[in-house]
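*Asks:* Generate the whole structure from the sequences, applying the supplied hints.
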Amino acid sequence: MATGIRDKVAIIGMGCTRFGERWDCSAEDLMVEAFVECLADAGIEKKEIQAAYLGTHFDEVNVGKAALSLAITLKLPFLPVTRVDNYCATATEAFRAAVYSVAAGAYDIVLALGVEKLKDTGYGGLPGGAGRGVKAFMEQANMTAPGMFAQLATAYSAKWGVPMDKIKDAIAHVSMKSHANGALNPRAHLRNVVTEEQIKKSPMIAYPLGLFDCCGVSDGSAAAIVTTPEIARSLKPNQSMVKVKALQIVCSSGEEEMYTEWDGAHFATTRIAASRAYSEAGIEDPRQELSMTEVHDCFSITEMVTMEDLHISPKGGAYEDIMSGFYDLKGEVPCQIDGGLKCFGHPIGASGLRMIYAVYEQLLDRVPEERKVRNPRLGLTHNLGGYPWKNVAAISIIGRD
Amino acid sequence: MVGIVKHGGYVPRYRLDRRKIYGAMGWMDPSTGANARGEKAVANFDEDSITIGVAAGLDCLRGMDRSKVEGLYFASTTMPYKERLNAGILTAALGLRDEVRSADFSGGLKAGTTALLAALEGVQSGGARNIMVSAADCRLGRPASAEEMIFGDAAAAFVLGGEDVIAEYKGSYSITYDFGDHYRGEFAKFDRKWEDRWIRDLGYEKFVPLAVNGLLSKYGLKISDFTTVIYDCHYAAARSKLNKILGIAPDNVQSNFQAEIGQSGAAQSLVMLSAALERAKPGDKLLVVSFGSGCDALFFEVTEQIDMKKDCCGISGCLAKRADLDSYEKYLVWRDILPADLGMRSEEDLWTRWSALWRSRREVLGLWGNRCTKCSTPQFPAQRVCTNPACGAVDEYEDYLFSDKKGRIMSYTGDMLAASYNPPAIYGAVAFDGGGKYYFDFTDCILEDLGTGMPVGLSFRRKYFDKRRGISGYFWKAVPVKEVE
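For the record, the sequence lines run as chains E and Z. Counted the way the numbering used here counts, the first sequence spans residues 317 to 717. Counted the way the numbering used here counts, the second sequence spans residues 3 to 487.
No lab work stands behind these hints: they were computed from the structure. No residue lacks a Cβ here, since even glycine has one placed at the ideal position from N, Cα and C. A few of these clues could be false.
[Claimed, not checked] Keeping only pairs whose Cα atoms sit at most 27 Å apart, straight-line, the calculated DSS-like set for lysine-lysine is:
(1) Z:K469 / E:K451
(2) Z:K22 / E:K706
(3) E:K475 / Z:K172
(4) Z:K312 / Z:K287
(5) Z:K191 / Z:K84
(6) Z:K311 / Z:K191
(7) E:K552 / E:K324
(8) Z:K283 / Z:K311
(9) E:K363 / E:K391
(10) Z:K407 / Z:K323
(11) E:K706 / Z:K408
(12) E:K324 / E:K484
(13) E:K435 / E:K552
(14) E:K435 / E:K475
(15) E:K391 / E:K435
(16) Z:K191 / Z:K246
(17) Z:K208 / Z:K195
(18) Z:K484 / E:K475
(19) Z:K172 / Z:K84
(20) Z:K220 / E:K475
(21) Z:K323 / Z:K172
(22) Z:K246 / E:K451
(23) Z:K84 / E:K451
(24) E:K517 / E:K451
(25) Z:K243 / Z:K208
(26) E:K451 / Z:K408
(27) E:K688 / E:K706
(28) Z:K311 / Z:K287
(29) E:K706 / Z:K469
(30) E:K324 / E:K482
[What the hints assert, rightly or not] Quick partial rundown of chain E residues pointing at chain Z, CB under 10 Å, derived from the structure:
(31) K451
(32) M464
(33) M520
(34) Y575
(35) T576
(36) I599
(37) E600
(38) D601
(39) E605
*Replies:* Below you can see the structure in the form of structure tokens.
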């Protein structure tokens with residue numbers, strides 16, 4: 317009988333580059349930057365790492381396929397290194413692979429590293445056709461990411477009878493909050509404070525989403541070194557231990573896309589992944605028990621809907637929580653504590669590990685007072701890769717013991 | 003009895019006021035002001051002669067079992083492919099069986115009537131019980147030319163057969179001349195012509211009477227025997243003169259829709275014939291004359307069946323569903339005359355994987371999905387494992403056509419980021435009545451028209467155009483029903 321991952325693996329080191337327009341850096345430079353910080357934080361020597369997983373998505377502007385680039389860039393000494401890719405959940409997949417390798421007893425110390433070099437695409441958003449397959453361009457609507465997720469708003473409005481101007485108010489607050497949090501974070505991509513009025517007046521990208529409803533397209537890398545709790549305790553006897561409480565990945569079966577009953581106003585995968593993650597972590601009431609969340613706010617409407625799918629806000633009721641400041645940095649369950657995808661940035665293959673990093677540094681009290689959450693004990697991170705109607709949702713929960 | 007069994011027509015939604023063209027380009031040649039009246043029909047950016055030929059074909063097939071169609075002839079001088087049977091694309095899009103004979107008729111502008119004759123004679127000979135003909139053209143005049151104003155885009159389609167005929171085919175008379183009035187060489191995008199006076203005085207005023215009189219004398223008829231005379235000539239003065247020369251009573255001449263559509267090339271005489279049939283009565287005699295590298299004259303007599311088959315939307319229905327094309331520059335961009343910057347996304351390489359298209363041809367061109375025979379769930383694209391989570395049957399399905407279904411908008415957006423000839427790119431989720439769902443591009447609408455729950459139908463459109471390889475790719479898009487019904 318499977319018992320899940322709870323408390324079986326600890327994080328002993330993490331690193332995260334500054335995200336942003338890193339014109340002077342290659343993907344390899346970013347890997348080194350994240351790794352150097354991660355290894356120093358772990359307090360081990362490179363030769364103690366026994367296996368590694370590389371997460372990266374757009375191979376065209378990155379490091380190519382396979383995982384050789386990680387092994388060669390870091391000069392990992394003939395280790396088993398594997399590349400993983402699962403859309404925007406890629407880095408969480410790399411983390412999960414590392415964590416499971418340790419839990420399985422296959423290795424003692426494993427590295428997970430995610431990287432993406434998006435600013436070499438030449439686009440102000442993601443490339444259009446990438447990664448969708450041969451049939452997509454023959455049939456699929458002329459979609460970009462904001463247009464896919466914008467449809468959540470029209471469907472949500474129809475499902476819950478919330479008029480579009482109220483949705484605009486709520487998602488403007490979402491973006492305003494991320495800008496406020498990002499402004500405090502020196503490693504964030506976008507660091508300007510903006511008002512809800514500025515957000516609502518920004519140029520339309522995909523109705524009803526304006527420019528400020530969309531996340532940053534960034535370069536960046538993040539990394540984690542994981543091990544068993546026993547080894548972690550021996551390596552860091554004087555430090556709180558950050559343990560993995562839950563790791564859940566849920567992929568669409570095609571039901572939302574092709575079967576008529578899905579309403580287009582929620583993420584079926586996130587709902588299921590959250591329930592499984594809470595069960596694995598032993599959480600009964602996430603609204604009371606979670607100290608903070610980092611969710612996949614690729615677009616502001618995604619965050620709004622996700623807060624319901626994580627069973628924190630009531631279904632159809634995210635508006636009140638958002639507007640009341642419930643998710644603000646000093647609110648009850650702060651969300652996007654480092655600025656989120658919106659402002660910290662979204663290099664696809666690094667995002668999941670960046671989120672875990674944000675929670676990790678809070679759990680270890682490594683952030684200055686102005687961006688500290690109250691009594692950080694347990695944090696949830698959430699990725700969503702793909703389309704609202706067919707996607708992979710990834711949730712990790714880590715906590716301080 | 004052999005003749006027309008069904009007919010249908012299509013005129014694109016957008017109409018360009020000719021004064022807009024004159025306002026933009028009249029400075030180059032003020033004489034084009036003579037043509038700056040009325041409006042011309044303009045294919046949307048995602049339409050071409052294939053897609054409008056399909057639209058006319060679908061209109062024609064309303065209420066008819068399409069599996070009964072045994073052949074398809076496509077007539078056009080603006081076919082997107084020189085090699086690759088254009089009629090083959092129409093055949094798949096119209097959801098016809100694979101066991102059909104098909105051919106492209108092109109070159110001379112009389113290709114439409116020639117295809118009609120070939121189909122009629124094919125049925126007459128007993129080679130097929132019925133054959134469908136679709137004629138469509140989207141000709142381009144060079145900016146500042148008279149032809150830019152005169153030409154308009156339209157299509158018409160007919161099923162010719164031996165049963166339940168609404169207009170009996172009584173006979174024909176043809177002439178062929180190598181007459182270089184208008185011509186386009188192998189790589190020409192725009193029409194070229196010789197002097198108007200020559201075309202009018204020698205061409206129309208000689209050839210049309212030759213064809214008409216040839217038919218009259220062949221069958222011992224008088225022009226006054228015909229209820230409606232349909233002939234293709236866009237010169238207004240020449241039409242008046244020809245009516246006099248031929249002795250056609252003004253009430254008996256069919257409008258050429260120059261003020262509403264424009265000269266639609268190989269489709270012109272068939273568009274006029276379809277419009278004439280919309281108001282024809284049993285016993286009416288129709289004379290159809292095409293013009294272009296000669297003339298075909300065809301003689302039909304309307305039967306009692308005409309009153310039972312008034313189910314097409316037709317030319318008149320399409321004329322009523324017009325929308326202004328608000329700018330001449332938009333027309334130039336849509337036709338790829340003005341090289342506008344669509345952004346880097348438009349430069350992504352569109353490699354058509356022909357073997358993949360072949361495997362998916364029924365899905366891509368015909369919008370065929372399947373329906374689970376265990377739980378009856380329709381699904382698009384076709385699935386081998388049933389998508390209903392409570393079913394999951396494997397390989398228990400039957401073919402299911404989605405292109406003739408209606409659906410409702412579940413969600414939508416207007417996307418300014420996507421590369422589009424008509425931004426914002428509008429698309430969204432359509433839940434089909436009866437089950438099944440897909441995310442489609444929406445066309446022939448503006449964002450402000452849309453709402454969740456709104457009914458939509460499907461329209462066959464150009465999905466992409468790969469300029470590097472000269473390839474047009476096709477798929478279906480959703481159109482708000484108030485615009486197509």
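*Asks:* With a cut-off of 27 Å on the C-alpha distance, tell me whether E:K706 and Z:K408 pass.
*Replies:* holds, 23 Å
*Asks:* Next pair to validate is E:K324 with E:K482; report whether the Cα-Cα distance is within 27 Å.
*Replies:* violated, 44 Å
*Asks:* Taken at face value, is the distance from the CA of Z:K191 to the CA of Z:K311 at most 27 Å?
*Replies:* Violated, because 39 Å separates the two Cα atoms, which is more than 27 Å.
*Asks:* For E:K688 and E:K706, compute the direct alpha-carbon distance and say whether it is at most 27 Å.
*Replies:* violated, 35 Å
*Asks:* Just to be careful, I want the Cα atoms of E:K363 and E:K391 compared with a cutoff of 27 Å; is the pair within it?
*Replies:* holds, 10 Å
*Asks:* Take the C-alpha atoms of Z:K84 and E:K451, compute the straight-line distance between them, and say whether it is at most 27 Å.
*Replies:* With a Cα-Cα distance of about 25 Å, the restraint between Z:K84 and E:K451 holds, given a limit of 27 Å.
*Asks:* Can the hint on E:D601 be confirmed by a CB-to-CB distance to chain Z that is less than 10 Å?
*Replies:* It is violated, given that the least Cβ distance between E:D601 and chain Z is near 28 Å, above 10 Å.
*Asks:* Quick check on the hint: E:M464 CB to chain Z CB, less than 10 Å?
*Replies:* It holds, given that the least Cβ distance between E:M464 and chain Z is near 8 Å, below 10 Å.
*Asks:* CA of Z:K311 to CA of Z:K287, is that 27 Å or under?
*Replies:* With a Cα-Cα distance of about 18 Å, the restraint between Z:K311 and Z:K287 holds, given a limit of 27 Å.
*Asks:* Within a Cα-Cα threshold of 27 Å, do E:K451 and Z:K408 meet the stated pairing?
*Replies:* holds, 23 Å
*Asks:* Using Cβ atoms only, decide whether E:Y575 comes closer than 10 Å to chain Z, and label the hint accordingly.
*Replies:* holds, 5 Å
*Asks:* For a C-alpha distance cap of 27 Å, please report whether Z:K243 and Z:K208 respect it.
*Replies:* holds, 12 Å
In this structure, the earlier hints numbered 2, 3, 6, 12, 13, 14, 16, 19, 20, 21, 22, 24, 27, 29, 30, 36, 37, 38, 39 are contradicted, and the remaining ones agree with it.
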